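Here are the chains, one letter per residue:
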Amino acid sequence: MLEILHRLLFATLDAAPALVFAALGAVLSERAGVVAVGVEGMMRVGAFCAAVAALVMPTPAAVGMGMLAGAALAAVHGFLCIRWRSDQVVSGIALNLVALAGGTFLLETHFGPNGTPPIQQLPPLHWPELASVPLLGALSGHAAPTYLALLLPLLLQGMLTRTPLGLRLRAVGDKPHAVATLGLSVPALRWGAVLGGGLLAGLGGAVLSTTVLDRFEQHTPAGLGFMALAAMVFGRWTPMGAFAAAAFFAFGNALRIGLASSAPGLLELVPQGVLLALPYLLTLLVLTFQGQRNSTPASLGVPYEQESR
Amino acid sequence: MSLDIREGELLAVVGENGAGKSSLMNVLYGLYHPDSGEVSVGGKSVRLKSPRDAIALGIGMVHQHFMLVPTLTVAENVVLGREPTRRGLFDWERAVKEVAATCERFGFVLDPRARVDTLTVGSQQKVEIVKALHRGARVLILDEPTAVLTPQEADELARVMRGLVAQGRTVVLISHKLKEVLGVADRIAVMRRGRLVAEVRPSETSATALAALMVGESQRAVMSNAAATPEEKLASEALLEAVGFPAQGDNGRPAQHGGEAHLGDVLLEATGLQALGDNGRTAPRVSEKFPGGALLETTGLQALGDNGRPVPRVGEKPPGDLLLEATGLQALGDNGCPALRGVDLTVREGEIVGIAGVDGNGQRELAEVLTGLRSLTAGSGTLLGRPLKGLTPAEARARGVGHVPEDRLRRAVVKALSVEENIALGRHSGPPFAKGMWIDFAGRRERAQSLLAAYDVRPPEPTLPLQALSGGNQQKVVVARELDARPRLLVVVQPTRGLDIGAVTQVHARLREARAQGTGVVLVSLDLEEVLALADRVYVLFEGRVTGQFTRPEYDERELGRRMLGAEQAHG
Chain H
1 MLEILHRLLF ATLDAAPALV FAALGAVLSE RAGVVAVGVE GMMRVGAFCA
51 AVAALVMPTP AAVGMGMLAG AALAAVHGFL CIRWRSDQVV SGIALNLVAL
101 AGGTFLLETH FGPNGTPPIQ QLPPLHWPEL ASVPLLGALS GHAAPTYLAL
151 LLPLLLQGML TRTPLGLRLR AVGDKPHAVA TLGLSVPALR WGAVLGGGLL
201 AGLGGAVLST TVLDRFEQHT PAGLGFMALA AMVFGRWTPM GAFAAAAFFA
251 FGNALRIGLA SSAPGLLELV PQGVLLALPY LLTLLVLTFQ GQRNSTPASL
301 GVPYEQESR
Chain X
310 MSLDIREGEL LAVVGENGAG KSSLMNVLYG LYHPDSGEVS VGGKSVRLKS
360 PRDAIALGIG MVHQHFMLVP TLTVAENVVL GREPTRRGLF DWERAVKEVA
410 ATCERFGFVL DPRARVDTLT VGSQQKVEIV KALHRGARVL ILDEPTAVLT
460 PQEADELARV MRGLVAQGRT VVLISHKLKE VLGVADRIAV MRRGRLVAEV
510 RPSETSATAL AALMVGESQR AVMSNAAATP EEKLASEALL EAVGFPAQGD
560 NGRPAQHGGE AHLGDVLLEA TGLQALGDNG RTAPRVSEKF PGGALLETTG
610 LQALGDNGRP VPRVGEKPPG DLLLEATGLQ ALGDNGCPAL RGVDLTVREG
660 EIVGIAGVDG NGQRELAEVL TGLRSLTAGS GTLLGRPLKG LTPAEARARG
710 VGHVPEDRLR RAVVKALSVE ENIALGRHSG PPFAKGMWID FAGRRERAQS
760 LLAAYDVRPP EPTLPLQALS GGNQQKVVVA RELDARPRLL VVVQPTRGLD
810 IGAVTQVHAR LREARAQGTG VVLVSLDLEE VLALADRVYV LFEGRVTGQF
860 TRPEYDEREL GRRMLGAEQA HG
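Protein chains in written order, with this note's numbering: chain H, 1 to 309; chain X, 310 to 881.
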């Protein structure tokens, strides 16, 4: 029993970081009032650029390139939504489509349909003193992003709730005009949040192609960006909440794989499709019981115009 | 135009909608930028690029629509932008202490730890004032501060303003409530169409004289004509005071074209603001941002012609049949909390029943219950002969309920459709708008044209998209449509919010006319004066309950105000 739990926990910690980073990026952007539907696209460019960059530079630096690529796509979103006040959902969806098609195009013209050549993965870190402790031992043996994914939610939560910048970001997502009348710049705050969100989403994508896999594959990130959005909503737009939700989703996924491999007889009773749907069914179940408390930032998706009140 | 603001005075700026009061103040606060002219503070010419510059110069502004973040606490709202920190982190405890100190210094009673969305409107306004004072404002601009307050809260605000002036601060009060201005100001500046037309001392003027200055002579002549019967006089007094309601106005004029202001002995001065030619015509340099509209005078003339019709006097009218009788109405608000907690209500034929109360005390939900838009959780009633329970909007319409909703763009019209299509909405499947299953274009055009003429909608062009009309004319279209259906019960919510005086007068006249024809009218308004001017009976709602019921002769504004704040029916 303990052995199974250990394996589940280990698999969860391996799979969670990409989802956690993307969900945190979405939280950052949306708390400042800019819709983050484009997270999926930002993850995809992050994954692609990191995989390609890793062919010519050390993998950690390639992860940085992936982050910058995510931020670059976020900058397009910011330019459309903040500067030109276009519809934020449409802009996000457009970015997703561009990233999807662009990724496929570049992949097929430069590397063929099966993905980029394999790269050096980020190495796992081992903590010998932990490894022997039951359950906690599952913490040992992951790559660096896993540990960052455990730390970053705390930092971001602290930033949002305990610093002046966090106060301003929350205020700008709820009532930008109030922020403007106090002499603060609404566009500057939103730009910061959108670019920060892009960096995080890019990191999430880069993690996929440098730790979970060792290349960029045709379908990356296969809807993980949308699961990150679900985690953000499920976590009520708070970093810790989004982290918990993302970890929960990752756990559901690990459970599915674990069930399929540890009890082969199960597949004769339950169709494979049901197992595949398990994480999503869990999500639906939890959302059903979550209730209706409204925690959406009040001005989410509303373009800011100085002279309208 | 030019304006001086002296240190330690309470200057009131009055004027109609679109006269440029708010635009002028937004220039002084750095939110808008003048095309020409300049602002000087303390004798030095300054450029106000953003509110940050204005704050640095000691200018603070309390906006008509509160600029507060509802989910943050009082302290957080006040210190936002200049947060106290300890080792890089926001120091919440110190923020609370600082804000408490500011409150104490200026005599405000506020809990810095309370979340803003739990406060009353009056308290929220205090938070706004504290916010400005906390930033060291020496000049405090208040834009229409009493529009949303009860009489008691308005009195307290007046005390606060006098107190600030006594401490040497300068207060600029923008208002349309002339009585209030006369009671509190040291000096009154009157603006009309982007120009300063007069500066007077309260002791040397009267409400009537001020109103005349505000609207111009021709308008005033008509106004006094209208005041024929005692009841009409009451109404038109209220109307004169309603001048300057927030409007996307018919007279959407260039508010100003440049400004200049100095400060020496004089603290703040704006000169050279210009907008219109001397004869009231648009000056050649009209900004394209402000398309011209129908001239206000002519609108008012027509309206008052209508207003001058004989209207049955209250008291002489026999009580009509019962249209609505409801007991113990309960309903939930949008947030899932009980919004109506047991309301009893009756409406008879040929009377206007006013629903007064501070915003958010169940008025909106009550109107929605009566029009079938919100379902009851408890209580029962009879509406036009059949049960109120299970009413749907279609059923309400079929029974003869008309509805002029609060937010016309959301609930009453489709702004991209043409005016005539909007007039047909709701009755689009019957004559004269349809023949069998086909639209009757000729019949619809004819009906639309006659209604546009009768209600003086400008321009009277049935094929224009509705959004091309000004707010006041849009509202006239809605009122025309609803009354044209000859409703037996008409539910109107905030019918004149955002309208200029001409449209206000006309909407009021139409409501009286409907009453004269036997329609029962339920009038929900946040503007107590509007309710008192029109209604034969008034119910006061507080937290979803009726806390007071008054019939016309016994109106007492103070007592009504007490009930609006929840005082019990001790000696009512």
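Just so you know, the hints here were simulated from the structure itself, not pulled from any lab data. The structure presented is a predicted model; accordingly, all values stated were derived computationally and were not measured. Warning: the hint list may mix true and false statements.
What the hints assert, rightly or not - One side of the interface only, derived from the structure: several residues of chain X facing chain H at Cβ under 8 Å: (1) MET376; (2) VAL378; (3) PRO379.
What the hints assert, rightly or not - Computed list of chain X residues with no C-beta within reach of chain H, every gap over 10 Å: (4) LEU340; (5) THR655; (6) SER759.
Positions of the beta carbon are idealized from the N, C-alpha and C atoms, including for glycine.
Q. Do the numbers back the hint for X/PRO379, that is, is its least Cβ distance to chain H under 8 Å?
A. Nearest chain H Cβ about 7 Å off; hint holds.
Q. Does the claim that X/THR655 lies off the interface hold, with its Cβ farther than 10 Å from every Cβ of chain H?
A. 35 Å, holds
(Q) So, as I understand it, the hint says X/MET376 touches chain H; can you test that by seeing if any CB pair is closer than 8 Å? (A) 4 Å, holds
Q.
Can you verify the interface hint for X/VAL378: is its Cβ closer than 8 Å to any Cβ in chain H?
A. 5 Å, holds
Q.
So X/LEU340 supposedly isn't at the interface. Is its beta-carbon more than 10 Å from every beta-carbon in chain H?
A. 7 Å, violated
(Q) Quick check for students: does the CB of X/SER759 sit more than 10 Å from each CB in chain H? (A) 36 Å, holds
The structure is inconsistent with hint 4 alone, although it conforms to all the rest.
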